[in-house]
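The residues making up each chain are set out below.
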Amino acid sequence: MSLSPEQRARIEAARDAALAEIEKASDEQALERARVFALGKSGVVSELRRSIGRLPPEERKPFGEAVNEAIAAVEVALSRRKEDLEQQRLMAELTGPRIDVTLPGRPRNLGRRHPISRAIRDLLRILERMGFEVAQGPEVELDYYNFEALNFPKDHPARDMQDTFFVDERSIVGGNFAPGTVLLRTHTSPVQVRELLRRRPPVRIVAPGRVYRCDSDQTHSPMFHQIEGLYVDCRVSFAELKGTLAEVARAIFGPEVRTRFRPSFFPFTEPSAEVDVSCVICGGTGRSSGADLHLAAPTPDPLRPEESIGEPARAPSDGETCRVCKGTGWLEILGAGMVDPEVFRHAGYDPESVSGFAFGMGVERIAMLRYGIDDLRLFFENDSRFLAQF
Amino acid sequence: MRISMRWLGEWVQPLPEPEELARLLTGAGIEVEAIERLGQGLDRVVVGQVLSKTPVEGSTKLNLCTVDVGQAEPLSIVCGAANYQVGDKVPTALVGAVLPGGMRIEARKLRGVMSHGMMCSARELGLSEESEGLMILEPDAMVGTPIARHLELDDVVLTLNATPNRPDWLSHLGIAREVAALTGARLIWPEVKVVEEGAPIEEKASVAIEWPERCGRYAARVVEGVRFGPSPRWMQARLEACGMRSLGNLIDVTNYVLLETGQPLHAFDLDRVGGARIRVRAAGEGERLVTLDGKERILSTDDLVIADAERALVLAGVMGGEDAEVSESTTRILLESAHFDPAGIRRSSRRHGLHTESSHRFERGCDPEAVRFALDRAAQLLVQLAGGTVARGVIDQYPGRREPQAVRVRFERTRKLLGAEISDEKCRSILRGLGFEEVEAEGGSASYRVPSFRVDVSREADLVEEIARIHGYDAIPETPSRPQLVAPAEDRQARVVELAAEVFSAWDLDEAVHLAFGDPEGDAKILREEGEYLLLRNPLAEHQRAMRISLLPALLRTAVENLNRGVERLGLWEQGKVFLPRATRDAPVREEERIAGILLGPALPRTWTEPERPVDFYDVKGMLEALFAELRLGELRWVPVERGFLHPRSACEVRAGDVPLGILGELHPLSAQALELPRGVFVFELFVEPLVRLARLTPRYQGVPRFPAVLRDIAVVVPREVSAAEVEAVLRGPKGAGLVESVLLFDVYEGPQVGEGRKSLAFAIRYRHPDRTLSDREIQPVHDALVAELHRALGAELRG
Chain A
0 MSLSPEQRAR
10 IEAARDAALA
20 EIEKASDEQA
30 LERARVFALG
40 KSGVVSELRR
50 SIGRLPPEER
60 KPFGEAVNEA
70 IAAVEVALSR
80 RKEDLEQQRL
90 MAELTGPRID
100 VTLPGRPRNL
110 GRRHPISRAI
120 RDLLRILERM
130 GFEVAQGPEV
140 ELDYYNFEAL
150 NFPKDHPARD
160 MQDTFFVDER
170 SIVGGNFAPG
180 TVLLRTHTSP
190 VQVRELLRRR
200 PPVRIVAPGR
210 VYRCDSDQTH
220 SPMFHQIEGL
230 YVDCRVSFAE
240 LKGTLAEVAR
250 AIFGPEVRTR
260 FRPSFFPFTE
270 PSAEVDVSCV
280 ICGGTGRSSG
290 ADLHLAAPTP
300 DPLRPEESIG
310 EPARAPSDGE
320 TCRVCKGTGW
330 LEILGAGMVD
340 PEVFRHAGYD
350 PESVSGFAFG
360 MGVERIAMLR
370 YGIDDLRLFF
380 ENDSRFLAQF
Chain B
0 MRISMRWLGE
10 WVQPLPEPEE
20 LARLLTGAGI
30 EVEAIERLGQ
40 GLDRVVVGQV
50 LSKTPVEGST
60 KLNLCTVDVG
70 QAEPLSIVCG
80 AANYQVGDKV
90 PTALVGAVLP
100 GGMRIEARKL
110 RGVMSHGMMC
120 SARELGLSEE
130 SEGLMILEPD
140 AMVGTPIARH
150 LELDDVVLTL
160 NATPNRPDWL
170 SHLGIAREVA
180 ALTGARLIWP
190 EVKVVEEGAP
200 IEEKASVAIE
210 WPERCGRYAA
220 RVVEGVRFGP
230 SPRWMQARLE
240 ACGMRSLGNL
250 IDVTNYVLLE
260 TGQPLHAFDL
270 DRVGGARIRV
280 RAAGEGERLV
290 TLDGKERILS
300 TDDLVIADAE
310 RALVLAGVMG
320 GEDAEVSEST
330 TRILLESAHF
340 DPAGIRRSSR
350 RHGLHTESSH
360 RFERGCDPEA
370 VRFALDRAAQ
380 LLVQLAGGTV
390 ARGVIDQYPG
400 RREPQAVRVR
410 FERTRKLLGA
420 EISDEKCRSI
430 LRGLGFEEVE
440 AEGGSASYRV
450 PSFRVDVSRE
460 ADLVEEIARI
470 HGYDAIPETP
480 SRPQLVAPAE
490 DRQARVVELA
500 AEVFSAWDLD
510 EAVHLAFGDP
520 EGDAKILREE
530 GEYLLLRNPL
540 AEHQRAMRIS
550 LLPALLRTAV
560 ENLNRGVERL
570 GLWEQGKVFL
580 PRATRDAPVR
590 EEERIAGILL
600 GPALPRTWTE
610 PERPVDFYDV
620 KGMLEALFAE
630 LRLGELRWVP
640 VERGFLHPRS
650 ACEVRAGDVP
660 LGILGELHPL
670 SAQALELPRG
680 VFVFELFVEP
690 LVRLARLTPR
700 YQGVPRFPAV
710 LRDIAVVVPR
720 EVSAAEVEAV
730 LRGPKGAGLV
740 ESVLLFDVYE
750 GPQVGEGRKS
760 LAFAIRYRHP
770 DRTLSDREIQ
780 PVHDALVAEL
790 HRALGAELRG
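One line per chain: the protein sequences are A and B, in this order.
Each residue of the first sequence is one higher than the one before, counting from 0 in numbering that gives the first Met the number 0.
Each residue of the second sequence is one higher than the one before, counting from 0 in numbering that gives the first Met the number 0.
Just so you know, these hints were derived from the structure itself, not from any lab.
What you are looking at is a predicted structure, and each value in this text was computed from that prediction instead of being measured.
Where is the CB? At the ideal position from N, CA and C, for every residue including glycine.
Where hints are given, some of them may not hold.
Chain B side only, calculated, beta carbon under 7 Å to chain A, not exhaustive [said to hold, decoys possible]: (1) Leu246; (2) Gly530; (3) Leu533; (4) Thr606.
Heads up, simulated DSBU-like pairs for lysine-lysine below, C-alpha to C-alpha not over 35 Å straight-line [what the hints assert, rightly or not]: (5) A:Lys153 / B:Lys192; (6) B:Lys758 / B:Lys620; (7) B:Lys758 / A:Lys153; (8) A:Lys40 / A:Lys81; (9) B:Lys203 / B:Lys192; (10) A:Lys81 / A:Lys153.
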């Protein structure tokens, strides 16, 4: 049994009408309408399928086969058309208008670390790589740790080197302290004594922290930061101190920096030294051309080397005196020396069997040199325009 | 200490040029702060002599003078001063001179008369603040001599910074010694010869040391028949070069010898010393003394005084009193040269707030052996400058005499300690050059007698330092640092602070650092809470008279300042200690590490991409949650609390179990008002110690789920008072049958759709089974159980 011509014509008409609709569709909505027109519940092709049931049984099979063929053709056309339309849409998008790439991006500012924290972090990284372990101590100290155990005798002018804030012991609840025995530490050196008492050699520590001196002007802040290093072992020598600090200075300021050790005095070290680095601004010349005077820039107190470096750090123009090193070619950045036997005595070490060195530096001064900050007071004013730069 | 090169040159020869000298001294540990050339601007000013003086026609003031300046022809100079006569010698500026004030001298016409120079006043030469008329020079001034040389102004002054251990560097003699040791130059002692006449001193005065522990030596001479008058120009010039004023010959002599030898002296008007008796004794409790600065001092028994038979005359070693001071009418002088206990002088000096040239040296330690030399030097100068005669003999009581001590140094140990190869012979020659006398040497060590002026040397280490100093630190090699093979302990606090810094950075908070002081009154207005403060005895300012008890007041004040500068958006954090004045067994106070912060203004930088929104509580909470997640603190409780400085509607404490970790919330409107801050400032303050203790810094891996999760949303309406945490607790509770993996609140709604006093909370619940894929059929009963439990426990209704 085969399909009658009428039947065939009916199927082909429906099919062709559907294909025409599909062909006509110019976007996805139109294509969907075309699909519904052809294959929807009452679509032209679906109608044919429904009419199968009304046919005599023997006609059903050939009719059904023909309808299925038509459906397949419509589906192929639909999917082809869909692909074409997608392709067209993609082409249109790719050749279409651009967004304004010059509009600002969505801002996500990152908060900044304070320059003092940055400097401490950088310095600790260097020293920790050299085997120094971080140690901390209290900021409210006893006279014993801050002075006496560090060989500052009572009634000795060496104590004048550090103007001390004394705590009013009457404001302390509990405990019984004599007047003048509780103070704000004037340096990080008491950590030396505390750590020597707590540990056994070899001791290699670094102690960063806040310290306090009763002095305030343009170049002195009553609170500032120091970093203290201590190395105690057998046969530690002054030569090793020189080698270590030269390395530290190069790590902070760059490989070409030179160091100079000058004799000085700290009660808790002997021999004691002040350590200068060649000026990082003028390269140690004091000016861009001219004599190297070999003088230290005047610093009234080497243990407090945070004072202002004067004008903004910048290279001097030809022949002009460098303002950062005041023409000396050198910047004082460290105090250092061999641990005094008296300190060992207080810590219960035998100075015949161990030796050691200690060094300290002012964090603010290093930060000023590293970041070109020209006024000490900026550190503690916390102007957001200042903070945002680090 | 100011050192005159001219003066120094009398003590040590040859003397290097100033810059070289400065380099040498700096290398030896004496910091040279400045090199100052005196007499600058006086290059073309010479001594001139007025030969003639005729009035200039048509002027009542001006005279035309001829002035001999040592050139072939005298100069014609017009001068308007009135205080000179023909024959006087005056400073004369030649054409081409540029005076210290900047005035350039040129040949010019005055009233039609040519003038070829200028006769000068002291002011014009920059020698004094004011002056009347010309500076008239001594008659013996050499015509034509440069004025700077004539006035001994052709000097170079070095400002030295001597370390407190080296009082022997506080004199020209001391620096001369150091220069001699450094350069090998010759030290020249001036010849001191005292011509004694008449009756012995014992008949004129007596001395009794009644407190020998505080006065180890007291020497005195009597000089009679002196006349008060100005000091000669050379002495004035030297005193001025060293920063002292000339006060007349009788006083200048003592100051001169002080600057020269470092030994402080005192001159008494002997006629005003009661009973001509000097008593060196303790002051009586409450005894009064009017010191030279005109202030009445109330003394204590710890003060040492020089007294006469009746009363205290001098606060020993610190400052003289008015009673027995020399004056213009003084003719008989008792000169004192003594040695006092350094610590005692320092206590007196500090107790009375008197820091003098004398106390500065005595408290550091003077040379007891220099007492006699200085006394004789002063007596000799006094006779030379003020006439008179020195009484026969000298009083010299020396109860504190000590044998010079010997110190042994081992040369091999010296080399090991310094890490430098310095031969025994080099070590010995360095020490000898510094005046250490070798008393014994054997087998690689030697003993040295310490010179009496070296109060800083008593141990081997002190000698090692001397060897290093003179050998030169530059000459000691640099040995690389030894490697350290001990693993350093983990610094947990530093890790926690670093993690916090990273989180705050991501939330756009800048780090601040404030002075750690507190202001009990000012801070109380901000904190609106009572607080116990650790007070300082000697604060620099009222608002810094205590140590802080919170980081917030300083942050808030900084916020105000930043707002005043036009900042709209601010996020700041700070880490630091607060100080709680409670003594513990180990420490006088409790130092507590805190991390605090403030946020105000728009939550995000202003941008075209989204509308501006002010920062709120949930910004702060979200940031802290991120931090606590970094620290892996696990479940936390956010508990409403009351704090003086927090707005009651959002004051919150965060706890891990029962351990408080910190507080957060909106700044109380009254605190904001006290600071003139706008509303909408949010603050937090965390306790670092529990964070460090509870933080899990090392992550622990948990298996990644192998089966998919099923997501179900649920929206419930609850009474307004029910907290989100309560709803969440139910969802995470036992009714979830262990299948609820996470709960995310994604919507909160209050409004007409849910009715008055109610709110809607919408959660996304993630169900997961570790071992299999869950089916809807399995989840549904669990989900229903949760809904039922919400209804039972909290009165929650499903939102339709």
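Against the structure, the hints come out as follows:
With a least beta-carbon distance of about 26 Å to chain A, the hint placing Leu246 of chain B at the interface is violated under the 7 Å criterion. For Gly530 of chain B, the interface hint is violated, since its Cβ never comes within 7 Å of a Cβ in chain A; the closest pair sits about 12 Å apart. At its closest, the beta carbon of Leu533 of chain B sits 6 Å from a beta carbon of chain A; the interface hint therefore holds under the 7 Å criterion. About 6 Å separates the beta-carbon of Thr606 of chain B from the nearest beta-carbon of chain A, less than 7 Å, and the hint is met.
As the CA atoms of Lys153 of chain A and Lys192 of chain B are separated by approximately 41 Å, the hinted pair breaks the 35 Å bound. Straight-line distance between C-alpha atoms of Lys758 of chain B and Lys620 of chain B comes to about 21 Å, which keeps the hinted pair within the 35 Å bound. Of the supplied pair hints, the one linking Lys758 of chain B and Lys153 of chain A is violated, its CA atoms being roughly 71 Å apart against a limit of 35 Å. Between Lys40 of chain A and Lys81 of chain A, the direct Cα distance comes to roughly 20 Å. Compliance with the 35 Å bound is thereby established for this hinted pair.
In summary, the hint linking Lys203 of chain B to Lys192 of chain B is supported, as the alpha carbons are separated by about 21 Å, within the 35 Å threshold. For the given pair, Lys81 of chain A sits about 96 Å from Lys153 of chain A by alpha-carbon distance, which is inconsistent with the 35 Å threshold.
Taken one by one, the earlier hints fail for this structure at numbers 1, 2, 5, 7, 10, listed in ascending order.
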